[in-house]
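Enquirer: Chains as they are written, first to last, in numbering that gives the first Met the number 0: chain S, 0 to 290; chain X, 0 to 290; chain G, 0 to 290; chain D, 0 to 290; chain C, 0 to 290.
FYI, nobody ran anything at the bench for these hints, they're computed from the structure.
Possibly wrong hints are sitting among the right ones.
Taking lysine to aspartate or glutamate pairs in the DMTMM-like style, the calculated list, with each CA pair at most 20 Å apart, reads [claimed, not checked]: (1) K88/S <-> E85/C; (2) K88/S <-> D264/C; (3) K280/C <-> D269/C; (4) K219/D <-> D156/C; (5) K284/G <-> E144/G; (6) K166/X <-> E288/G; (7) K219/S <-> E170/X; (8) K219/G <-> D264/G; (9) K280/X <-> E276/S; (10) K88/D <-> E203/D; (11) K206/X <-> D81/G.
Selected chain D positions facing chain G (Cβ under 8 Å, derived; list incomplete) [unchecked claim]: (12) S59; (13) Q177; (14) Y233.
Ideal placement from N, C-alpha and C gives every residue a C-beta, glycine not left out.
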Amino acid sequence: MVNYNPKDWFTFIFRIHKSDTIEKLWPMLISMAIYSGIISYLELEVWQLSGKGGLSNLSSMHGLLGFVISLLLVFRTNTAYDRWWEGRKQWGALVNDCRNLAIKLHAILPPGNPAREFFRTMIPNYAFALKNHLRNIYHPADLEEAHDFEPTAVSHDIHVPNHLAAKMLQEVHTLYRQNIISGDQLITLNNDLNTLTNVCGACERIKNTPIPYSYSAFIKKFIFIYVMTLPFGYVFSVGYYIIPMSVFIFYVLASLELIAEEIEDPFGRDANDLPTETISKNIRKHVGEIL
Amino acid sequence: MVNYNPKDWFTFIFRIHKSDTIEKLWPMLISMAIYSGIISYLELEVWQLSGKGGLSNLSSMHGLLGFVISLLLVFRTNTAYDRWWEGRKQWGALVNDCRNLAIKLHAILPPGNPAREFFRTMIPNYAFALKNHLRNIYHPADLEEAHDFEPTAVSHDIHVPNHLAAKMLQEVHTLYRQNIISGDQLITLNNDLNTLTNVCGACERIKNTPIPYSYSAFIKKFIFIYVMTLPFGYVFSVGYYIIPMSVFIFYVLASLELIAEEIEDPFGRDANDLPTETISKNIRKHVGEIL
Amino acid sequence: MVNYNPKDWFTFIFRIHKSDTIEKLWPMLISMAIYSGIISYLELEVWQLSGKGGLSNLSSMHGLLGFVISLLLVFRTNTAYDRWWEGRKQWGALVNDCRNLAIKLHAILPPGNPAREFFRTMIPNYAFALKNHLRNIYHPADLEEAHDFEPTAVSHDIHVPNHLAAKMLQEVHTLYRQNIISGDQLITLNNDLNTLTNVCGACERIKNTPIPYSYSAFIKKFIFIYVMTLPFGYVFSVGYYIIPMSVFIFYVLASLELIAEEIEDPFGRDANDLPTETISKNIRKHVGEIL
Amino acid sequence: MVNYNPKDWFTFIFRIHKSDTIEKLWPMLISMAIYSGIISYLELEVWQLSGKGGLSNLSSMHGLLGFVISLLLVFRTNTAYDRWWEGRKQWGALVNDCRNLAIKLHAILPPGNPAREFFRTMIPNYAFALKNHLRNIYHPADLEEAHDFEPTAVSHDIHVPNHLAAKMLQEVHTLYRQNIISGDQLITLNNDLNTLTNVCGACERIKNTPIPYSYSAFIKKFIFIYVMTLPFGYVFSVGYYIIPMSVFIFYVLASLELIAEEIEDPFGRDANDLPTETISKNIRKHVGEIL
Amino acid sequence: MVNYNPKDWFTFIFRIHKSDTIEKLWPMLISMAIYSGIISYLELEVWQLSGKGGLSNLSSMHGLLGFVISLLLVFRTNTAYDRWWEGRKQWGALVNDCRNLAIKLHAILPPGNPAREFFRTMIPNYAFALKNHLRNIYHPADLEEAHDFEPTAVSHDIHVPNHLAAKMLQEVHTLYRQNIISGDQLITLNNDLNTLTNVCGACERIKNTPIPYSYSAFIKKFIFIYVMTLPFGYVFSVGYYIIPMSVFIFYVLASLELIAEEIEDPFGRDANDLPTETISKNIRKHVGEIL
């Protein structure tokens, strides 16, 4: 995630950050400029079409469909942002959950019990394993060793977060059978242990389910046809100014689609992605403080 | 579900996927082209109406109602998408729930207890039975045998997911009466067992409740009249260009309605439907890893 | 509720269903046509106002306010639809709840215990009683007898769903005192018993709370003035075509308000109302299968 | 709350209810009419500005900003309505909660136990106390006496709903210590007792937190400047018709802001406010029926 | 937070509050006026461009993109407001939670037990510590001493709210081991203790996660280019009136972005921020009344 000061307008407007959409769009913007230039040249100089024909009024179509395309892009923006924000909420829930688990286990486990050490290591391990799992990798160096858990011994084929959650739950039920955790305390821990798996499932859902294919295909086709037909009619009223005008309109519409694509899957390493690495480190720090 | 790379614009724009709306709409698009052509020919050549009459200003009506139709289609898109996404969330909840059940039963049941085998089979069976139930079929080959459960013996008349949930709950309460599951552990399992039935009910609700009839009828009538009256006025300003223009406008409006219809019931086998088959297989894989 | 195939466009467009808004609006549509005709005749033939005066530009007001009225109607549509859909969700929750109750009681109660019979009858009775309660009637023939419950003996004055819920809860606590239901099992049943009353309260809330009076009055006044002033200005540009144009615009705006009014209270017997009768029957069927 | 039949259009359109915005706005509407009249007179008769100058095109600014102002007012409407509806939901939750408490206590407490009488009085007392608390008054006559509770003895300084909730919780824990309420039953009562305080807190939050000051100030300034500059440009195209036109536009924009202000705090005695008085009485009636 | 009377329009419109956006924007508004003046002077007087060229129709681009920019700003407004309102809800949840904790502990703990004193001090301490934590400070003078807790002894490096929550939870589990709090009572307290940490985590999430960088950068670039190009085309139709017109349009668009930036992080000391100081004091008052 980019850390930034939202109030510094100057930087925003004049600096082109590497995650800016201009960075990715500029070849298409130049093609767009050339394309509009050719259309204008043909219509105005070669064929010398007069502005009285029907073609010059085609722009009324762009006016009519301007609502639809704007609303569709807002729909696209909203759904993409909702996933990004839901992803953030899930990681926020993970943070809360790890803290609650640590606080409760600290109050329940007697001082010196080796299970304290086990949970101090394993709770943050879960966060790191989930972070990597959502990037489709398994990186043992991120995890720390605990009694009965050896990061490098974990097979790459299995679902690592599930494996860690199962280990923690087994430890809790073992302590319950040893009467170190009472039945009432087990009940109070239950929800927190469930949440680990719920967060993992919700993040997988966000990652694996982009917006339905039909919408994605339709929006792209719509933008393409809309922008490609733009110069036909407008060239008669604005002349060669159609070149910056269609470049700017294309920039606006395509940027919205591009940003939506990027933030839709918020667990990678893109500039707008969630700081899962930092959150995992904070979990390790705070759990260490408490337990 | 179509697996696709949302960043590959070229394919999106030029390839016509079998689930594209153009595939379904082309006969209507051609009819629309012929219809606009006839209207234009009649108005311009046969009746030779001049562009000064009131008819040429009818297009102001389309401008005024352009907002309403756009906003209605966005309402339609939002409600359809919400069902699709809620369906996905419910199946995500099922995944989480099956994992939590497996993780807990793994920690609770003593090694070697035959109930482990029972739940390892029955939890994924529930997912497969639900998938088929939502497609109105019962397909015993998808389910696996367990002690006390024989897929081919299940009657086609009954509600299969309910039947499986009842079997699992009965097993849990039998283990509780045998003191293999303690009272505290029963309480921690309760929510997970409830969720099975809640997911099933929510999916049935989405499947059985399309958008109210009045909206569906009104939106279709509105699009039809809107597009049919489009050439009357615009023909005077754009001439024969009205043909591609009304085809494109019709394509945009009808596509939105068509996609909404398709994703509204997300449990079938359409290109945009949810991958319930794959999810069920993953549940079987992950429950097998844990239990 | 109307059962329909959302993909059958032809029927939607050309058939006028009895729940269509045209069915209710046609007297107003005809009045609107006559009214616009008179205004046009007066302005064009009697007073022979020229299209140069200020009146002909009054249509710019309709353009400006076109946004506001569209957005207001979408607000109206969204809030009405949300109530309809929340009503559906509540009945879906009732279905889930009845199934969960039945599944659990089936696992808890020993075979042959008379309480099985009691709950097999009373759980579906609750759904039927709620359905009738939301229609302000009490219809004993819908309910079935159980030991200690005689439908015809219930007073019409009392709140019947509460009465049934109290009976079921009393039975559960009696079984608890008899140690047939253990304390742990009581805790797992608690939520399901609460939900019965929660669903009832939520449905009463939806039924008794229409959109605030001020909005309802304001939207109707706004539509009325908007449509009534429409012919004044537009008649100069579209001539007598103003008649179908203002009829169509009135049809669109009034339909949205009319549909919203109808689906706002979804528990009656209107064409768009929820199928509470069918849902209640399904609850009786499924509870009977399980218990 | 005004009880009304949403389908009676005639009354809505022609009757001016005392809660109608026209009732409050008419002095401003008249000022607006005079103001537009003066501007028109000056521009048309005194300075005799021709419609060719730049001023006559200023109306394009109103077109451009028409979207923004409409969308802002919809934002305002949505947030105000959400508070009103959330307030209604909270009171609905209170109703459900009081019923569930009564149903459970009826099943738990032995017949004749004096605690039945206590809760029969105190549960409805809570609703009445909350209703008055949200109107910043304490009105002992609304409350009924119970053993150990004397309405007139309550100090006006303290937080009365908290005081009542604390009394009820104390009674429950006393019964628990006397073994009249078992531990399992205590757990099932816990959530219902929490909800009393949660409803109170949520209502206080709605009441004490209007929309951020900046939005309120900005929307009012924006409407004011927008409407004040309206006659400058439009007078050239519509002439003296600008007077009704700017009055109507002002009526529409200001009404939306006015209604939003009124329903934002839904716990008072305004025409659109929630019927908290009636709901409290219903709670007393239904709790009396059950307990 | 500014306390204000939302019905006092006069003050809103004519008084410029220090938190008004005009206060911050005026240097930019003056620059905008100068810039438009220069462009107008160049186009009209120096280059004497006629209004027939293409440049004068560039304003159609601003019309087309007017939808997009309005909808984007509404998206921005909605997301910022949602964070503000979620922040308020979280503090409301904290209020409810502290009251519920106090009410329950009052009913559970025997009179005179020193733990009463401990919780009477520590529950409000948590609110004050959270308030300061969200402002990145630690201010021991806000906290009160309790047995086993010395505000000035707390290290500045650790996470203070976590530290306080851990202390409270430890006290509860100690009382549980001493049988002063029974197992059933422990279960009923569990949720309330979890909520403390959940509120803290949710507030940290809101504070640390502004809207994705790409949107923030894109919206600012878009507003900038949109407003900068505004005078080019409009100058031909409105003449020097372009100066107030572009100043006003810039004022509207930039204000929306500015307000959104301010309320996005609602835990500081800005005029629109939440009254966390007052809420904390109320918690101390109400907990003191109860416990």
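Enquirer: Taking the hints in turn, state whether each one holds.
Expert: Do the hints match the structure? See the list:
Taking the CA atoms of K88/S and E85/C, the gap is about 12 Å. The hint holds against a cut of 20 Å. Restraint check for K88/S and D264/C: the C-alpha separation of about 16 Å stays at or below 20 Å, so the hint holds. With a C-alpha separation of about 19 Å, the suggested pair K280/C and D269/C falls inside the 20 Å cut-off, and the hint holds. About 46 Å separates the Cα atoms of K219/D and D156/C, which puts this hinted pair outside 20 Å; it is violated.
A C-alpha spacing of about 16 Å is found between K284/G and E144/G, which places the hinted pair at or below 20 Å, so the restraint holds. Restraint check for K166/X and E288/G: satisfied, since their Cα atoms lie roughly 13 Å apart, inside the 20 Å limit. A hinted pair counts as satisfied when its Cα atoms are at most 20 Å apart, and K219/S with E170/X does not qualify at roughly 52 Å. For the hint pairing K219/G with D264/G, the CA-to-CA distance comes to about 18 Å; that is within 20 Å, so the pair holds.
At most 20 Å may separate the alpha-carbon atoms for a hinted pair to count; K280/X and E276/S exceed this at roughly 30 Å. For the proposed pair K88/D and E203/D, the alpha carbon gap of about 14 Å is at most 20 Å, so the pair holds. For a cut-off of 20 Å, the pair hint linking K206/X to D81/G stands: about 18 Å separates their Cα positions. Among the interface hints, the one on S59/D is violated; its C-beta lies about 11 Å from the nearest C-beta in chain G, farther than the 8 Å criterion.
With 8 Å as the threshold, the beta carbon of Q177/D stays out of range of chain G, its nearest partner Cβ sitting at about 16 Å, so the hint is violated. Interface hint at Y233/D: satisfied, since its Cβ lies 7 Å from the closest Cβ of chain G, which is below the 8 Å cut-off.
Checked against the numbered hints given earlier, the structure breaks hints 4, 7, 9, 12 and 13 and satisfies all the rest.
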